[in-house]
Structures are given as structure tokens and as C-alpha cells.
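The lines below spell out each chain.
2 protein chains.
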Amino acid sequence: MTHILKEPVTGPSAWRRADVEDSSQWTYILDEKMRKEILESAEKIAANGDDVWSLSRTSVPLSRSADLFARCVDELENGRGLAMVRGVPIEGLSLEEAHTVFGVVGLHLGKAVPQNGRGDRVVSIKDHGIGRLNSKTVRGYQTNEALPFHSDAPDIAALLCLQQAQQGGEFYVASAMQIYNTLLEEAPELLGLYYAGIFYDYRGEEPPGEPPAYKNAIFGYHNNQLTCRYFLRQFADSAPAKLGFFQSEAEKLALDTFEEIAAREENYVSMRLAPGDMQLVDDNITVHRRAAYSDEADGATDTTRHLLRLWINVENGREFPQFVSTHRWGMKRAATVQQKD
Amino acid sequence: MTHILKEPVTGPSAWRRADVEDSSQWTYILDEKMRKEILESAEKIAANGDDVWSLSRTSVPLSRSADLFARCVDELENGRGLAMVRGVPIEGLSLEEAHTVFGVVGLHLGKAVPQNGRGDRVVSIKDHGIGRLNSKTVRGYQTNEALPFHSDAPDIAALLCLQQAQQGGEFYVASAMQIYNTLLEEAPELLGLYYAGIFYDYRGEEPPGEPPAYKNAIFGYHNNQLTCRYFLRQFADSAPAKLGFFQSEAEKLALDTFEEIAAREENYVSMRLAPGDMQLVDDNITVHRRAAYSDEADGATDTTRHLLRLWINVENGREFPQFVSTHRWGMKRAATVQQKD
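Residue numbers (the UniProt record's numbering), protein chains in the order written: chain B, 1 to 341; chain R, 1 to 341.
Calculated directly from the structure, the hints in this document are not laboratory data. Don't take each hint at face value.
Stated by the list, open to error - With a straight-line cut-off of 25 Å between C-alpha atoms, the simulated BS3-like cross-links for lysine-lysine are: (1) B:252 x R:6; (2) R:6 x B:6; (3) B:332 x B:111; (4) R:242 x B:242.
Unchecked claim - Derived, one-sided and incomplete: chain R residues facing chain B with beta-carbon distance under 8 Å: (5) 26; (6) 196; (7) 253.
The model shown is predicted, which means the values in this text are computed figures rather than measured ones. Heads up, the beta-carbon is just placed ideally off N, CA and C, and yes, glycines get one too.
All chains, full assembly: derive it from the sequences and hints.
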């Protein structure tokens, strides 16, 4: 039976900007020895011709840095849901080598899951030059457009910066727990609607025989824990028509209200990644967005900025029904598979 | 922009049992002269070979009883939403003759609209012997089962009793406005969900090319008036699977809560119709249900009870968006047309 939480969320997960503005609280710096062991692990995997995703954490031990990643995951899951790791060793590496370094780090964060209908565990966040989010099949990681506040499907999204754009691309994070507390105070009549869930467009990545959109809750409360998933607004807005319906005004109001609260200046922090920075956000308790980015003054295209993304589920993570995050354990194989990048 | 009402509804529409228990407040009795003019009008229409639905109200004047029907409609729309007219002259008439009498009365209530995908303006509420409501195509008026609280699509539902069952068939009415007031007090977190709407099964009567279910609000607030539509729970429960989805727990909670409040003893009144009784309910402000009925002690079948139903929109009725009652103006022609009764 569903339980709609009517008390504010307390503890470090319900933060405002002022609580997290001192980024040293959630920043972890890899020292030279840590960088060296990560790089050497990656080189060894490459020399053996192994696929990093076929390996277990214990087979890739990091005696110096494993503890840092464990503290980082603890901060994500049980703290503010926000962490930055600086100094990931990617300087001078090929894209394939950087993938392997990211894989080594990923093994120490948790279990990486497929992020699209093709089964990719690492995706490139860059301007893929295949169109805009208002098209019917494009996803956020494939464009250089601004993205509104949203969460990703698994427990944690990890973004590793390889190159930054000439301009833009700032990253913003807000606490979904604090958004809930504000909703409880200002718009309690909308709460049930978030628990009931809305439809999200698969963007052409639906598994064979399934409808072109899926239903997902925005908030769920289980085992005394509130969990949030707020997927991209564009997917919520394009889903109803794909199903032959329309978005009701109350649904639009609920989405607008959530985003308006997230976007209040007192509620979010912003940052800009430099090469080697790894930004981590906990999707259970935070939402994030990014600014548009470009090499050009007109913002049209970008050929520079390049992040890699992992979707990670932590070990012994919180339990909640699949309805709270349909694709927490990764996207299934799609009926139609998109072109290779 | 949607507005979610956060104040209780006031006035006669928000009633409890104690406010309406004296049925003389909302009972209208046709005297012998009224009965005679209605019967004579119907006989004249039949003698001319006219279809009553092709006629206008002005062409079928009722100099003695028109005012009674006007007061009745005013009580429905602006009062308690509940009325009983006693003494409709149907004794000894054939079914076709009773249809015409009902049509004459209907013209003086408002505009009758099609109630199914076949375009019928009068439907027979009886045990059609075509199965149960848990089947995929059966509608409430076609079975002898108990029906939970619900509303019909137009402003007014008028039920004319031709014959009553040996047992059962009691009719219950509750104020949807009072249900709203209780929700506001006890479960305000669910309100937005009712405005957002849920899906209802077409039961095979979808217009060509449309999905097998439609989305409809439960409450809507427009022009300072709250309007309710609560369609049959069975249709809400069977719709998601037809679309390839599921009913979320929060949606189930919202439906359960609505029905639990309606079913509280202090909230509804009950009655049992006798031949010639016409029960009227205003679907904008009330919900109704009926008990199972049967000729048999085991409740299996019924060959006796027979009501006729009209769906009526009143002249200059309240305005609200189509989403609040998708079929207020009648059902469109269905892709698949059911068998004639």
C-alpha cells in the first residue's frame, strides 16, 4: 500500500544552497599515488585485452584509493547526495583508454548498468550532431542544449569531464528532498500526483512489443525513505501524444511547480567541470541540470565538450519498487537500435 | 490553467444524509391532469409516426407539467442534485410506448445524448444476460450486479422504473461536493491526482482509430464551480492493462478513498423505485450506486427489473472543459458496434 509522506524530510539530504556552498565538504582529491594505481590498473586491463565490465571489483583492487571512493559513495547515499572527485587521470589518453580508467573507478563505486537500448555502460555526453531534444528520438546526452532539472535512472550518475566547452555547460544540483519539503508546505495538494506517476517517452528505445512510453513515479516512500525520480521534462511532455492522449493541466502544474522550486536560487548549487573532474550525483535524493554549451557565440554547435557518463547502482542500495525508477537496473534492449556514435 | 479548490464547497449541493432524508424536499408528484397531457402527447407522436428525438420541446408543449420539470431541473442543477418524479404514466404501455412517454418528459428536462457507441438515447437498464462487468465489453446498465458509486457522463441521468426486481436494486446517492469537502479535510494530498485524471476503459466502444481507454478528470474547478465525474471503478481498473500499463498504488488509493467516503452511512441516502417512479441525479454534483438485484434467492439472474435511462444535458448548463467529462455530449459512434438488445 502506498504511503504518502506528510512530514518533512530531515537530515543532510534535505539541503539548501547555503548548506553545501562550501564545496570542500563534498570534494575528494585523488593524490599522485592514487592516480598512479588507477592508471596502472587500466593499463593492465588493456594489456590483457580484458573488457573492464567483465571484471569484478576484487579483481581490480585499489589499495590506496578504494577508501576514498567508499567515502564518496557513503556521502552520496547517506549524506547530501552530491560529490566531486578531482584528478581522475585522463590526461593524454585515447578515448578507449579513458573509458577503461572510468571503468576502473566505476567498479569501485558500484554496478554499472546499460544507459540506452544498445546496452552501452559508458555514454559520451557531447553534441552528437543528430538533432535537438524536441525530435522524437534524441536523448539529453546527445545534444548541446540546456537541460532542465532531472534525475537519471540508477542510484548514481557519474560524469567524467574529458574536455570542457568554450562557453556554457555549467552543472546545477538541487536536493529533491528539500523540493519535497517545500511542496509539503506550499502545494500539498499535488503530492499524490507525484506518487501516482506520469508517462515518459522512450524516445524510440522501447523494448520490443512495449508501448512507446512508460509510467514512472516522481516520489515514492518505502522503508522510511523518500526516493525521487524526475526524468527529463521533454520526455514527459512528448509521451502523452505518443500514446494518443494529452497531458492534463494538473500534471503540467505539478511538473512546473517541481521545476520552479528546484530553480529557486536558494535551492541549488552550480559548478563547472574541468578535465579530470568527476561529478557524482545521487539520483535518489537530488536532481541536476546543465546549461547549454558551445564553441560558438551563437550557441549552434559544439565540437569540444566531452564528458563520459556512468550509471551506477551502489552495493546494498536502498530498496524501492521498480515503479519509482523503471530503468534503475538499466535500459533493456530496444526494438530499434540507434546508430553508433 | 488548472485551479485546485482549497476551500470547502458551501450551499445545498454539499449535503449529508441528514440534510436530504426528508424526501418530500426533492419529490415531485405528477397529478392526474399532468399524467393525462403527457400520455396524450406521446399518443399523438405515435399516431403521427414521429421519432420523439426529432422533435423540439416547443413542438411538444406540456402546459400543466412543464413548470414541474423546470423546478425539478433547477433543484438538480442548483440544489441538492437529487430529485424523484412520481407517477410517470407507463401503466399498461408497450416498451415502445413507454420510450415515447419518456421521450416527452426528456424533452422537458433538456437535451438527450447518445449513451453508447450505437447512438441509443434511451437504454434499458436490465440484466441483458451477456455477462458480467469484469468482462471486457460489458457496461453497467447491461448486468444485474451491484455497481459501486459512480456518475454518468452528462449533466443529468434520469431513470424511469418500468418493473422492479423481486429483491434488491436499491438506489443510493451521495453528494460529490461533500466527498470533496471530506477529502480536503482528511486527504488533501490526493486532490491534485483527481484533477490530473485517470484512464477509463471504453469497453470496446472506442471511436475508430482511438485507444481502448480515455483519460478523464474526477474533479475540475471552473467559473467558481466544482464539477465531479467519477466513472465506474471497474472501467478504471481494467483500463491500464488495455493500454499496456498498470494502475499505480497512489491511483488505487485515490479511488479507494473516494469510494470509502461516499459509502459512509452519514453521507448517502437510499431509495427503491416503484413502477412509474423517475429518479434523477445531477452528475455534476452527485454520485450514485445501485445494489444487485434478482428474481432468485441466489442472485444469479433477473428477468423482471427494467428501468429506462436517459442522459440529459440541461439548457444553459454549467461550463467546464471536455476533460472533466469526455462524453458529456454523448458517446461517439464506436468502431465495433454491440449486438442489439
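Does the alpha-carbon distance linking residue 242 of chain R and residue 242 of chain B stay inside the 25 Å limit?
Since the Cα atoms of residue 242 of chain R and residue 242 of chain B sit roughly 16 Å apart, the hinted pair holds (cutoff 25 Å).
Quick check on the hint: residue 26 of chain R CB to chain B CB, less than 8 Å?
32 Å, violated
Does residue 253 of chain R hold up as a contact with chain B if the rule is Cβ-Cβ below 8 Å?
Where the cut-off is 8 Å and the nearest Cβ of chain B is about 5 Å from residue 253 of chain R, the hint holds.
Does residue 6 of chain B sit within 25 Å of residue 6 of chain R, going by the straight-line distance between their CA atoms?
This hinted pair holds, its Cα atoms lying about 17 Å apart.
Restraint check for residue 332 of chain B with residue 111 of chain B, where alpha carbons must lie at most 25 Å apart
Holds: residue 332 of chain B and residue 111 of chain B sit about 16 Å apart, inside 25 Å.
Interface hint check: residue 196 of chain R, Cβ to nearest Cβ on chain B, cutoff 8 Å. Holds or violated?
4 Å, holds
Would the hint linking residue 252 of chain B and residue 6 of chain R be met if the CA-CA limit is 25 Å?
Answer holds: residue 252 of chain B to residue 6 of chain R is near 19 Å, not above 25 Å.
Hint 5 alone, counting from the list given before, is not met by this structure.
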